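Participant: Here is what each chain is made of, one letter per residue.
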Amino acid sequence: MSEHTTSATTRPSTRKRYKRVAYALLGAGILALWIGIALDRFVLGVALYWAGGIGMGLVQRFSPVELYDERDTTIERKASQNTVNVFAYVFILGTPGGLALEESGVVTLPGEFYGATWTLFAVFVVFGASVLYHKYRS
Amino acid sequence: MRNDISDRRAETGESQADLAAAVGVTRQTINAIERERYDPSLKLAFKLADHFGCRIEDLFEPADEDG
Chain A
6 MSEHTTSATT RPSTRKRYKR VAYALLGAGI LALWIGIALD RFVLGVALYW
56 AGGIGMGLVQ RFSPVELYDE RDTTIERKAS QNTVNVFAYV FILGTPGGLA
106 LEESGVVTLP GEFYGATWTL FAVFVVFGAS VLYHKYRS
Chain B
298 MRNDISDRRA ETGESQADLA AAVGVTRQTI NAIERERYDP SLKLAFKLAD
348 HFGCRIEDLF EPADEDG
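As you go down the protein sequences, you meet chains A and B in turn.
So this note's numbering is basically just the index in the first sequence, starting at one, shifted up by 5.
So this note's numbering is basically just the index in the second sequence, starting at one, shifted up by 297.
Rather than coming from a laboratory, the hints here were simulated on the basis of the structure.
Treat the hints with caution; some may be incorrect.
[What the hints assert, rightly or not] In the EDC-like style, the derived pairs of lysine to aspartate or glutamate whose C-alpha atoms are separated by at most 16 Å in a straight line are:
1. B:Lys340 / A:Glu108
2. A:Lys21 / A:Glu108
3. B:Lys344 / B:Asp355
4. A:Lys83 / B:Asp336
5. A:Lys24 / A:Asp77
6. B:Lys344 / B:Glu354
7. B:Lys340 / A:Glu75
8. A:Lys24 / A:Asp74
9. A:Lys21 / A:Asp74
10. B:Lys344 / A:Asp74
11. A:Lys21 / A:Glu71
12. B:Lys344 / B:Asp315
13. B:Lys344 / A:Glu75
14. B:Lys340 / B:Glu354
15. A:Lys24 / A:Glu71
[To be verified] Selected chain B positions facing chain A (in silico; Cβ < 10 Å):
16. Thr309
17. Ala317
18. Val322
19. Thr323
20. Asp336
21. Pro337
22. Ser338
23. Ile353
A quick note: this is a predicted structure, and the numbers were derived from the prediction, not measured.
We treat Cβ as the ideally placed atom computed from N, Cα and C, and that holds for glycine.
Go ahead and model the full structure; you've got the sequences and the hints to work with.
Facilitator: Dropping the structure here:
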């Protein structure tokens, strides 16, 4: 396919450039956090990490071109759906399974198991509330 | 969803990037629509039809698996 140099064709590359800047800011923030932890400057690392995250958000919010289109949104929605499905199986099957194994004396569950279970429970409560909200709004 | 966007684009001499910019999506989205790997929203379908000066049903037709 031939490449044109009209103003119309510059738009996707501009979009790509802004996306790169956004992800670079977040990446720099994460790197700063790691360096901060390694150098025992945790608070500074977290501050820089937040700055990177906020910078990414600002670029996404105020870039002159839309960084994501409807296909990106569809892909994200499908990925979210798959993630929820995977963790639903983990929660529905794993939690009672783990408790049954502990009850029968096969394993002693670590505290992390209960922490993860409550976290998943909270995620599904939020998910359910969100579904209900959108159901009654549409 | 079957479509003839690629043919219409060839007629007008537009690149995927040109069309993408005209209707406000990425070139990858136009590519995915042409390859029938992504069905556009109604809003985007209207924009595409408007761009080519035709009706949506002239541009798209259900693929066999769409029923």
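Participant: Run every hint past the structure and note whether it holds.
Facilitator: Hint check:
1. B:Lys340 / A:Glu108: Violated - the C-alpha atoms of Glu108 (chain A) and Lys340 (chain B) are around 55 Å apart, more than 16 Å.
2. A:Lys21 / A:Glu108: The given pair, whose Cα atoms are some 54 Å apart, is violated under the 16 Å limit.
3. B:Lys344 / B:Asp355: holds (13 Å)
4. A:Lys83 / B:Asp336: holds (14 Å)
5. A:Lys24 / A:Asp77: At roughly 13 Å apart (the allowed maximum being 16 Å), Asp77 (chain A) and Lys24 (chain A) satisfy the hint.
6. B:Lys344 / B:Glu354: holds (13 Å)
7. B:Lys340 / A:Glu75: holds (10 Å)
8. A:Lys24 / A:Asp74: holds (12 Å)
9. A:Lys21 / A:Asp74: holds (12 Å)
10. B:Lys344 / A:Asp74: Judged against 16 Å, a Cα distance of about 14 Å means the pair holds.
11. A:Lys21 / A:Glu71: holds (10 Å)
12. B:Lys344 / B:Asp315: holds (14 Å)
13. B:Lys344 / A:Glu75: holds (13 Å)
14. B:Lys340 / B:Glu354: holds (14 Å)
15. A:Lys24 / A:Glu71: holds (10 Å)
16. Thr309: violated (12 Å)
17. Ala317: At about 6 Å, which falls below the 10 Å cut-off, the nearest Cβ of chain A leaves the hint on Ala317 (chain B) intact, so it holds.
18. Val322: Status holds, d = 4 Å.
19. Thr323: holds (5 Å)
20. Asp336: OK, holds: Asp336 (chain B) within 10 Å of chain A, min 9 Å.
21. Pro337: holds (7 Å)
22. Ser338: holds (5 Å)
23. Ile353: violated (16 Å)
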